[in-house]
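Asker: Could you build the full structure based on these sequences and the hints that come with them?
Chains as they are written, first to last, in the numbering used here: chain A, 1 to 654; chain B, 655 to 919; chain C, 920 to 1277; chain D, 1278 to 1588.
Don't take every hint at face value.
Unchecked claim - Simulated crosslink set (DSS-like; lysine-lysine; CA at most 30 angstroms straight-line):
1. A:K322 / A:K298
2. C:K1267 / B:K787
3. A:K463 / A:K433
4. C:K1267 / A:K302
5. A:K23 / C:K942
6. B:K852 / A:K627
7. A:K302 / C:K1048
8. A:K331 / C:K1267
9. A:K331 / A:K463
Please keep in mind that the hints were generated in silico from the structure rather than gathered at the bench.
These figures come from a predicted structure and were not determined experimentally.
Here are the chains, one letter per residue:
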Amino acid sequence: MTETNKLDTFPKLLRHNAEMRAKRPAIREKDHGIWQSWTWAEVYEEVKAYAAGLDKLGLKAGDHIGIVGSNRPRLYWTMAAAQFLGAIPVPVYADGVAEELQYILDNAEVTFVVTEDQEQTDKILSVQENVPTLKQIIFDDPRGLRDYDEDNLHDYVNVVDAGKQVVKKDLAWADRMIDATKAEKASIMLYTSGTTGKPKGVVLSHNNILITARNAVDLEGLNETDEVLAYLPMAWVGDHIFSYAQSLVAGFCVSCPESTDTVLNDLWELGPTYYFAPPRIFESTLTTVMIRMEDASKIKRKMFHYFMDHARKTGVDILDGKSVGLLDRIKYAIGNTLVYAPLKNALGLSRIRLGYTAGEAIGPEIFEFYRSLGINLKQLYGMTEASVFVAIQPNGEIKADTVGVPAPDVEVKVEDNGEIMYRGPGTFMEYYKNPESTAETKQADGWVHTGDAGFFDEDGHIKIIDRAKDVGKLNDGTMMAPKYIENKLKFFPNIKEAVAFGHDRDYCAAFINFDLEAVGNWAERNNIAYASYQELAAHPEVYKIMKEHVEAVNRSLATEERVAGSQIKRFLVLHKALDADDGELTRTSKVRRKFVAERYEPLIDALYSDKTSCHIETEVTYEDGRKGSISADVQIMDADTFPFNATAMAAAAE
Amino acid sequence: MTETNTNSRIGEELLSVNNIDLSFGGVKALTDISFNINKGEIRSIIGPNGAGKSSMLNVINGFYQPQVGHVRFKGKDYTPMRPALAAKSGIARTFQNIALFKGMSTLDNIMTGRYLKMHSSFIEQALYIGRAKREELEHREKVEEIIDFLEIEAIRKTPVGRLPYGLQKRVELARALAMEPELLLLDEPMAGMNLEEKEDMSRYIIDVNEQFGTTIALIEHDMGVVMDLSDRVVVLDYGRKLADGSPDEVSSNQDVIDAYLGVSH
Amino acid sequence: MFYREAGDFKTSYAADQSILSIKLDRYFVIGLIAFGVIVVPMIGNDYWLGSLLIPVLVLSIAALGLNILTGYAGQLSLGTGAFMATGAYMAYKVATNLAFLGAPVAIIIGGLSAAFAGVLFGLPSLRIKGFYLAVTTLAAQFFLLWLFTHVDWFVNYSISGVPSIPPMEFFGVLISGAEATTEARYLFVLGFAIILGLAARNLARCKMGRGWMAIRDMDIAAEIIGIDPLKAKLSAFAISSFYCGVAGALWAFCFINTVEPGAYDINRSFQILFMVIIGGLGSILGSFLGAAFIVLLPIFLNNAPQWIGLNLTSDVISHMEIMIFGALIVFFLIVEPHGLARLWQIAKEKLRRWPFPY
Amino acid sequence: MEFLYSIFVTPFVEMWTAPEFLAEVVLGGLMSGIMYSLVALGFVLIFKASGVFNFAQGVMVLFAALNFVGLIDAGLPIVVALIATILIMVALAFAIERVVLRNLVNQEHIILFMATIGIAYFLEGLGEMIWGGDVRPLNIGLPDDVWFVGDILIQQSEVFAAAVAGSLVIALSLFFQYTRTGRALRAVADDHQAALSVGIPLNHIWIVVWAVAGLVALVAGIMWGSKFWVQFSLSTIALKALPVLILGGFTSIPGAIIGGLIIGAGEKVAEVFWGAAYGGAIEEWFAYVLALIFLFFRPQGLFGEKIIERV
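Answerer: Structure (structure tokens):
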């Protein structure tokens, strides 16, 4: 620690690593068939030159520099180089359409933008004139850009070469710049995807990020030998902490996949030791595992399930170091050689020492599945405004339905209205150019509203049930937490998304999106022919399955006094999958509840009438941006509900 | 690979065929064909099936020896041209019905394209030392550039036999590019492709021409594609030259319209 | 199932292109070689070493040779026996007249002479293909063998015509002739097998190997790439014959201790061809597997009846042996035309995918 | 010097001085030539129709002969034995088609070639297992006195053999000309696709050719057996058929006959007149080397179709 105390800004850390870990790999990229690697020393030299180059092009301290693209070393170096000059990198979600980009770039008043390739560059050029502050554009991959003659368009390589000259002439330049960096100054600006309204720019200082990052590193004992795959959007705070900040703090190597569609294979090749993924990824992985096993020979399948059952019984205890009978341990060892280890290997998870999941609740059995394989998977609770860490599950005491205890140096309290508040080193500086939002989120005394409702359970673990503002009341006054219900539904592999309603209504009702992969596979196995999601959605058999799931949820709700009243009386299966391109989901695929409610008003009305079906016409956007519309008669189904009884626990568990 | 300035892409004459007569056992395939190809241009040879397009290509890279006429390449006369000579002097080609090495992976197929650029001795190879190893690695890098260029990373190590038609065509192009040819002959590069694949292929052809400054001569009978690709077009019909000139000139030429457009559409 | 490839990633082309780029395979092969070099000689008795392993290894080398020609370069040959004979007789000449050169050199010179003969009889391959070529190699088979049996110079004018190999030393250890210990001969042969196997693997993955395969798969395309069919085919013939020659010499020096034409007749040629086909065309591993299979199968068939308690007269067994052998060949070709190597490949893939089916 | 003399002078002198001896040698050669021809004929039939290079042809000769002679020794009257053997050979054809060819359809030629070697081993083992490995005399009452034409002595058996071979060829060519199956076979030989498209079942065709080849083998077996007795060496003449095919062309029936005669006569003459110079036994390779040299000048053989390569 002591030696790192003075290292309170990113550039200082980078310089430090270049000295202490000169020969160790700092970053890799799967490119041209192999994992091209750069050592800390090389990265430092590159970044120095790059910074000088940017300086020459006129990037100044306090400027904002947009970063548009998927995880690429040069884009990470852009962050470092910008911080070198005291400028503030603003990574942007690259899969966003031009308008989305324009809003953020304009709002952030970026003077520079660095793009990954032709595709992104075209986007920027198309919105350039609407971003008056934008001066220079720099691109990483020159492919297809050779004929572009805009004179404010620069090839990364040229920028760095120009910088090299400067650095060569003025050897002290780099150190002067580095020493000038201030820990309390802004180091990065990240836009929250904003479940409601326009995205807001969260400004975070070197201190915010580095202290929290360092705390987590110490808590989890990460070190320079760890391996991380950087595959989540750079604009997302998680990636910034896990793949950038913590890499600099702990000195471990970050690897970038070849392309977004090779991630799975790259993950398998790399075999990271430190891994983060949102629940949906763990979920889909599990689904594919199960589907692939379906095609295995009978004996193999038997063996697989036999040992998976055993793992479910004993695996977690063994992982948590609880006492387990010798026989069970032996059985587990056999299972390990025959199933667990090979399976982990096949998924590229065999070397994982620490796995995180967060963002939304993860299904208990999904969570258990990975832990029972011996993967130390933990949930954490955090947000951009807190530089991620608010709460982490401590080793040894993991509970599927909580997010653990407050992170180091972080205080957490629950308001009377059930909202969770925190205070800590990671607390953000401000929302950029948005004092009022800043004020209403961040109190003078440093406490910050999370906007989530929840409570501490008996042993001090935090349990999140929903967005505070979404927690509503049925007309009879019983409280209903839509997210809580939706999650229970989504825990079924067959169900992809669910939207529950009931605030100011007489009873609870829900939209359901099934998982096309899982259900589609089921359909094939029962040779049910279908051409589209829509067709399958209307199928009575599908409805039957969904009804079973809904009633299972009702049963489990019936066991918890606070929510027993909010069981689902009526539901429907949506005729189309909720889609980010239609604005129904956020880029991090969270449901935009309000938007959906307005868009499908007729369906909701139907849910609260006695209709058994309802016609609806919906506009859709295709990948290529073209618009079209689909119409369907969505049928509505009743589900049984159950009286409250705590003893039904057992039943619910199934 | 040599970069060229796109503005003045087209340079002086690279290859010319002069008064070519070719016949198989009395059957005339080509009659008094002459035309030239300039450095850096995309030149198309079109015509209905059986017009002698492929024969023309086979004369250029020496599979067929014409009874009359000669091929002039880089200011040197070849009477006749021979495949080996063609390869050495910088002419590469692809075939209408794909001629890949079925037993090898995509990577090996493309590596084979570097054959003439490797010089390691038998012993070095047997022991995998010295030049042999060095060459393997150097050329692998070059080949990877091409793989990246044609976006076939995903199939790098798949046996080409297992690839779908469109990809095989692309691998064959990659193999030809690996030779770093000055003149690239493409025999119906888009035959049997769907629209999307055709568009991709045309994009690659243009990219090759621009990025590496490779001169390209291609055969097509689908006129549409050719017209927006090529700088100049030669039209053959029944082994005779019908027209020669810019796409517009050619497509407005009456003989062509009769002989060609009439036939295929 | 046993593979743990996650995390075994490549950061350089050297690593990516190394033979056995998968860790487990590497360890396995190294272990196997260590076992063969250290453990086997200690535990193996004379029968195992002398009557099974040595012939298997020697014939593996011959199979490697034929596989280079037929499997990689696609040129069918029925003259393997003759090229083996060439190696044997020439090595014998050197060993007797230039003894000071030592056994290895003698054997290698034998190989080189075989290579020369190979090139000679390979020349027609430039004009003719397939079974036509097979006939020219048959010519080699009969002509060369006739030559060695009818020109006494090759056998130093010995009356019997089957002279025995002089005892020769390698680093002070007797490795040829009747007095040499089985262990010494085994290790000597093993050494050759390992080195030649490795060399073949390297050739196959370098320029030369790609040239061969190109000619095999699509000679026209190969030509326009600049591959000279003459060079490619003749080099294949030369190297192939070199391997066969060395094998032939080893057969004489380290196994039967004499040079006798009977050991290199047409049936030998077919035997090697079987090895290559059963083992797997165009596979180094296959050559070894094939050799082991073809050598051990008859021995197994010979003993099987007793094991299951039948006792048949020896000639019935020998007839049955031929029959079953033939039947198995057919059966095998039907089940897996790509040979043992392919089966191995499939099994390996299954293990890598485990527990998933694909 | 003297060596060259023994090559370029002496032999011709000998021929000149004793022409009738030469003639007898040639005739003797032609005799074994006929045997080669008959085996080669079997090859050609199968190769023409299915592209399979049937290495087992030679063993089929042995197998047929073994059965025939075995049945006779077992006391069956010749005619019955003959019919029985014919049935066996037909059954064999069925078996081979059902068990082997059908399962190897669309495999590369070399695989099929290997398979026929497998079949060869199997038949050899089977035959000797049933009938034992020892040499058996075969006497079906072929005439065996001699005629004299001038001073040249001619074995009647040889004439007979020639006659049989000749009539066999004629019979076959008639079969190919005038029977539906025969025409079908020709169609297949010319172009598999075409044959299939006109609706000729390939399996059916294979059975027929293998059966016919079996019968040819039987005839050859009887001829050979009654002259040199039935013994294992029969199967080795299979290899001699290869150079015959090179000369005659892989797909030409008359070619097979002519080729056989050339080889047969050639190697005898060479052996008798030149062999001495090299210490004898040049028969072993003469045929192959002859074929090898021949290949350089006419790769497609005397009667084979020209091999044309197009790009």
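Asker: With the threshold set at 30 angstroms, check whether the alpha-carbon distance from K331 (chain A) to K463 (chain A) stays at or below it.
Answerer: 34 angstroms, violated
Asker: Between the alpha carbons of K1267 (chain C) and K787 (chain B), is the straight-line distance 30 angstroms or under?
Answerer: Holds, at about 28 angstroms.
Asker: Holds or violated: are the alpha carbons of K302 (chain A) and K1048 (chain C) at most 30 angstroms from each other?
Answerer: 53 angstroms, violated
Asker: Going straight from one Cα to the other, do K1267 (chain C) and K302 (chain A) come out at no more than 30 angstroms?
Answerer: Holds, at about 22 angstroms.
Asker: Check the hint pairing K852 (chain B) with K627 (chain A) against an upper bound of 30 angstroms on the C-alpha distance.
Answerer: Roughly 26 angstroms between the alpha carbons, so the hint for K852 (chain B) and K627 (chain A) holds.
Asker: For K322 (chain A) and K298 (chain A), compute the direct alpha-carbon distance and say whether it is at most 30 angstroms.
Answerer: 34 angstroms, violated
Asker: Would the hint linking K463 (chain A) and K433 (chain A) be met if the CA-CA limit is 30 angstroms?
Answerer: 33 angstroms, violated
Asker: Is K331 (chain A) close enough to K1267 (chain C), meaning Cα to Cα at most 30 angstroms?
Answerer: This hinted pair holds, its Cα atoms lying about 26 angstroms apart.
Asker: Please work out if K23 (chain A) and K942 (chain C) have their alpha carbons no farther apart than 30 angstroms.
Answerer: 24 angstroms, holds
In this structure, the earlier hints numbered 1, 3, 7, 9 are contradicted, and the remaining ones agree with it.
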